[in-house]
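Kindly produce the complete structure, drawing on both the sequences and the hints.
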Amino acid sequence: KAGVTQTPRYLIKTRGQQVTLSCSPISGHRSVSWYQQTPGQGLQFLFEYFSETQRNKGNFPGRFSGRQFSNSRSEMNVSTLELGDSALYLCASSLRGGEGYGYTFGSGTRLTVV
Amino acid sequence: TQLLEQSPQFLSIQEGENLTVYCNSSSVFSSLQWYRQEPGEGPVLLVTVVTGGEVKKLKRLTFQFGDARKDSSLHITAAQPGDTGLYLCAGLSGNTPLVFGKGTRLSVIA
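Here the protein sequences come in this chain order: A and B. The opening position of the first sequence corresponds to residue 1 in the numbering used here, with each subsequent residue numbered one higher. The opening position of the second sequence corresponds to residue 1001 in the numbering used here, with each subsequent residue numbered one higher.
In short, the hints are calculated from the structure, not lab data. Hints should not be assumed to be uniformly reliable.
Incomplete in silico selection of chain A near chain B, CB under 8 Å [what the hints assert, rightly or not]: (1) Ser33; (2) Phe69; (3) Leu90; (4) Phe105; (5) Ser107; (6) Gly108.
Note that this is a predicted model, so its numbers are computed, not measured. We put the beta carbon where it would ideally sit given N, CA and C, even for glycine.
Spelled out as structure tokens, the structure:
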């Protein structure tokens, strides 16, 4: 079965611009979580969506937002990009998320802000 | 905030050596997961441990969950170059999001 698909794989943006990243989960999975990975901070949780509703949110500024569509595909948006937003953005797909459920990660989107 | 501390942060060993990676927290987790991540890819789930004291084996990898469910360890026997990667532990509790440690970067030299 198809894995988790993240697009685009690589992205270069200029400070002040906005960006939208996409994640298509495994078919039948209803939970999508987003993480930011940097060398210094590791994987930090951004938000989780389940059945089109945001279920959990991490400690990121309001410039970071997301949504989930009825087919479970999810997008995250970052507005007014800063240099510090350069990172690998990972999404994780799960049947329902939470205890007892495994998570499958996509290969990520490498965002570079210049 | 639940935090997971992993040690060591970096590990470079020769092929054939044994090693142990630790994952510690002051919080109790319902379950612990271990992932391995290779450059340019997302983390891949290796194992989930859910019961205090539980030991799981995956070929040359042995995972243990502490009795109090606050810590875990990963032991690799006779490491091979193919074991090279970033090893991440992650904790789950209820419906809170998966919390990750910062990882142990392992390099196995042939």
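Hints violated by the structure (numbers, ascending): The structure conflicts with hint 2 only, although it agrees with all the remaining ones.
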